[in-house]
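*Asks:* Sequence:
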Amino acid sequence: MARTLGAECTVAGACPMLSSEHEASYTSNSAPQNLALLLCRPTLEKAIAEQQASIRMKQKTSDCWAEGLRKSRNFSEDDDAVKEVFCVADMGCASGPNCWRNMQFMIDCIRKYRRMESDTVSETGNGDHVCSSPIQFFLCDLPSNDFNGLLLEQQKYMEGYEQCFPAVVAGNFHGRLFPPSSLHLVFSSTSVHWLSESPDLSSDPDTMRVMRKKIWVDGSYMYKDAKKVYAERWRHEFTSFLTCRKTEMANGGMMFLLIMSSDEARPNQLQGSCFQMLEESWIQLVEQGTLQSWQLETFNIPWHFPTLMELESAINGVSDLRIQQIRAMHTYVGDTYWKQWSNDPDELARRLTNFYRSIVSNVIEKHVGPMNCELIFTRFNDLLEKNLRSRSTWDPYWIYPWDHHAMVEITKEQ
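Going by numbering that gives the first Met the number 0, the sequence shown opens with residue 0, and the numbers climb by one from there.
Hints were generated in silico from the structure; no laboratory data involved.
Below, computed lysine-lysine pairings styled on BS3-like, alpha-carbon distance capped at 25 Å: (1) Lys365 to Lys212; (2) Lys111 to Lys155; (3) Lys45 to Lys245; (4) Lys111 to Lys57; (5) Lys385 to Lys338; (6) Lys226 to Lys212.
Remember, predicted model here, so these are calculated numbers, not experimental data.
All chains should be modelled from the sequences, with the hints used to inform the complete structure.
*Replies:* Shown next, in the form of structure tokens:
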């Protein structure tokens, strides 16, 4: 449930994914997110190809101007007027191989389609400059993100990527992070469903009563009033995210967002998934006196999974941004990933526990402390083992209810 006291609001702003020093780190437990990234790659590549074609069309005139400037003023090959840096930002990068592999993929796409476009303008004599011009790649996340662990992997993944310069930027992406008109491509994956903090529901006693044993506002109709508050908070923060990125993007810049979303036909419901076991862990620990009732009643994971309609409405509300495409994507991770442990309930329980712990343990620990957080996930693992051992059929949705995503391509109008 959300806070009853002002100091007890569930805050995500200082709670990134679990760092690499833990067995349940995001680095070691983010394979499901990677499957979503792999599925969106054809759409992302097509978007990058179209952007590069558009950029080259608009640069033909400036290329001719730059060539004349070089000859008249004896500019060098490395002059900024001739060789522009292409800037990419990954918002909510977290840490681990997903981040680096996705960076590699985007760089490869940018270089591939720059090379193709440079072949069509070879008569200007600067095709090689286009292909080899530098790419600055910014990895952005909260200040407490595991940037040290991320950068330790840089050499492993960036070897051979010449003229590509990764850098980290620490800050909340609901605010400004870059100078105006400095970014050409903005990417974000499974991040913008997070709220900076849970909204306050204490002004509505009926909602408080219904939600007092909940740790997440799911899609059930009985929680519609709480869900409405969360939806309003999400729209406000997502609008801030979009407005900041609009300012930071150059004209013709592109945003590609992969967002955990809700299917209007089947809204996420805790009652239909193993995530309910995490909620039950809290309830049992309260009943046995290990946790205080107020700790459960004032906690709620600050998430909102928007529908496609909510996304479209929010984006259309920001001037100078245009939706190029928005569509749903199903990952079916329950079958494509988790089913490989269907015959080993204890191992599946351990992996599910580590997966959820990698994502939400920092938020929980901030609320109840490290010892109680450990007890919650130990109980969660025990409940999962018991439930999985008793199941006679495989239910992919019960295992993983988060397989609905939205892919959104947005451009800044010129």
